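Trainee: Chain by chain, the residues:
There are 2 protein chains.
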Amino acid sequence: MKTYLECIPCFMQQALKAGKISAKDDKQIKHIFDEVGKIIPSFSMEYTPAEYGAEVYKIISEITGVKDPYKQIKDDSIKDAKKLIPYLKYVISKSDNRLLTAVRIAIAGNIIDFGVNETFSLKDDIEKILVQDFAISDFNYFKSAVKSAKTILYIGDNAGETVFDKLLIEELGNKKIIYVVREIPIINDAIYEDAVNSGLSEVSEIISSGVKAPGTILTQCNKEFLNLFKSSDLVISKGQGNYEGLSDVKRPLFFLLKAKCEVIAKDLNVKKNDIIIKGINLA
Amino acid sequence: MKTYLECIPCFMQQALKAGKISAKDDKQIKHIFDEVGKIIPSFSMEYTPAEYGAEVYKIISEITGVKDPYKQIKDDSIKDAKKLIPYLKYVISKSDNRLLTAVRIAIAGNIIDFGVNETFSLKDDIEKILVQDFAISDFNYFKSAVKSAKTILYIGDNAGETVFDKLLIEELGNKKIIYVVREIPIINDAIYEDAVNSGLSEVSEIISSGVKAPGTILTQCNKEFLNLFKSSDLVISKGQGNYEGLSDVKRPLFFLLKAKCEVIAKDLNVKKNDIIIKGINLA
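Chains as they are written, first to last, in the working numbering: chain A, 1 to 283; chain B, 1 to 283.
Mixed in with the good hints, there may be bad ones.
Claimed, not checked - With a straight-line cut-off of 30 Å between C-alpha atoms, the simulated DSSO-like cross-links for lysine-lysine are:
hint, chain 1, residue 1, chain 2, residue 2
1, B, Lys128, B, Lys271
2, B, Lys24, A, Lys272
3, A, Lys20, B, Lys24
4, A, Lys2, B, Lys17
5, B, Lys271, A, Lys30
6, A, Lys27, B, Lys266
7, B, Lys272, A, Lys272
To be verified - Here are the in silico distance ranges between beta carbons for each label pair:
hint, chain 1, residue 1, chain 2, residue 2, range
8, B, Asp68, A, Asp75, 50 to 60 Å
9, A, Glu127, B, Ser95, 45 to 55 Å
10, B, Tyr141, A, Lys58, 48 to 58 Å
11, B, Asp26, A, Lys67, 32 to 42 Å
12, B, Ile85, A, Lys27, 43 to 53 Å
The set of hints was computed from the structure by calculation and includes no laboratory data. Given the structure is predicted, the values throughout are model-derived calculations rather than measurements. Think of the CB as a built atom: it goes at the ideal place given N, C-alpha and C, for glycine as much as any other residue.
Taking the hints into account, I'd like the entire structure generated from these sequences.
Mentor: Following this line, the structure appears as structure tokens:
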């Protein structure tokens, strides 16, 4: 997915938000704006928003000296998500369609996103998403792809959401699961330790994609990821950042996400706040 | 009022909005972003948002070659506002407090603002503001200042709102009224011809402040305005842009506005969407 014009004011908004968390004073935030402003002319609209996100957060980290501004927020998100586990396990156990319910829960976890411009209430959003209609649902294809797959590459998104991903992985059956995280801290995206803290090492092997952007940019991925991306029977991509980088790839894969901003909604031809299970390049 | 950090992403948002109205294509909007990005480092937070607004809209106008992108929108706003006049005159005629009701209507007109990031419904907003509590109300001071004034300088804000200002001016009694507009088209701010189209020449003398920003910046004002600003018995300032430039002046004056963004609300210590009649430097 290419960068939309709407993404540029959003980068400034994200710079403000991250600056308020990690900068030592307003002067430092202004300095962040100055440096982000200066690089706008070098942005081509042909690249994905996640690639520019990487540039913006790199500037923030360089100016503030804070490598992981969302560390505390990520830890809190994981803790909050874990508190809901008994309730969510109960919901799955009572469900007529355990896999679909676990997919809904994994999508609900995707609202734990501090990059996008919105506040959220985790419990309320889960309740909504448990009964919300899908704007795009390739669930039947997804179900049969899960059934026939031996190896599944599961590309994670945000810390906290990781806890709910574990619930979905537990419903995928006895498969070899590789769970993918980012190479370095960026916004509240999950890195290796966040995945471990979320219990994902109990149900999967955790690897880094090698990417330093808030998404999956194939040109930035390491060999291990690229090999698995090629060879895995099934690829599951969570969230907006991964969609941005992978929406145009040639292999079959499934996007599970909630469209949290107008730009992603427009690209998917759905409405903001819609939820989707979208398969591409299906046989 | 100084520029807040929140204003900088808002300038980018405004550039997008105005670009979409006046640019010939997306490439031209990207060019606008590039040029706005480049000047951010030169922004000092000591100046008012209106001064930077002037820079941003100057860039848009230079790149697009469109001098008055909001011309059609302004004409439509004036036409729409005029349609409500019979109803609003009836509301005033039935009111226990004609002056206060006319003040409310003039404030309601202030929502016709295409700079700030919101959509609005004119009729609905008027209905709300007719019964809304004031977050700050110096109405009694305002009333007595009106009573004793012989000369009133009324600083207008947006085209369309001008129509409602006329209704308030008609309630001010037999005074010498000078109505102030911007020097050049900027966003949907009223210029001379908008004031005339709104019927203001029937009830006041219309002058330009000389300012090319979406507000009143005293250092940019012409001599005629500055003399009147000094000598008038009463000064009424409408809207956010004028507040930004005049909030720290030393003479008595009254601000009539709705706080349409978080930044103005914060500066006034009220909540977003609150309405105010605020007098400063009152004896």
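Trainee: Each hint should be assessed against the structure and marked as holding or not.
Mentor: Here is how each hint holds up against the structure:
| no. | hint | result |
| --- | --- | --- |
| 1 | B:Lys128 - B:Lys271 | 16 Å, holds |
| 2 | B:Lys24 - A:Lys272 | 27 Å, holds |
| 3 | A:Lys20 - B:Lys24 | 36 Å, violated |
| 4 | A:Lys2 - B:Lys17 | 20 Å, holds |
| 5 | B:Lys271 - A:Lys30 | 25 Å, holds |
| 6 | A:Lys27 - B:Lys266 | 19 Å, holds |
| 7 | B:Lys272 - A:Lys272 | 24 Å, holds |
| 8 | B:Asp68 - A:Asp75: 50 to 60 Å | 53 Å, holds |
| 9 | A:Glu127 - B:Ser95: 45 to 55 Å | 46 Å, holds |
| 10 | B:Tyr141 - A:Lys58: 48 to 58 Å | 53 Å, holds |
| 11 | B:Asp26 - A:Lys67: 32 to 42 Å | 35 Å, holds |
| 12 | B:Ile85 - A:Lys27: 43 to 53 Å | 49 Å, holds |
Comparing the model with each earlier hint shows a violation of hint 3 alone; every other hint is respected.
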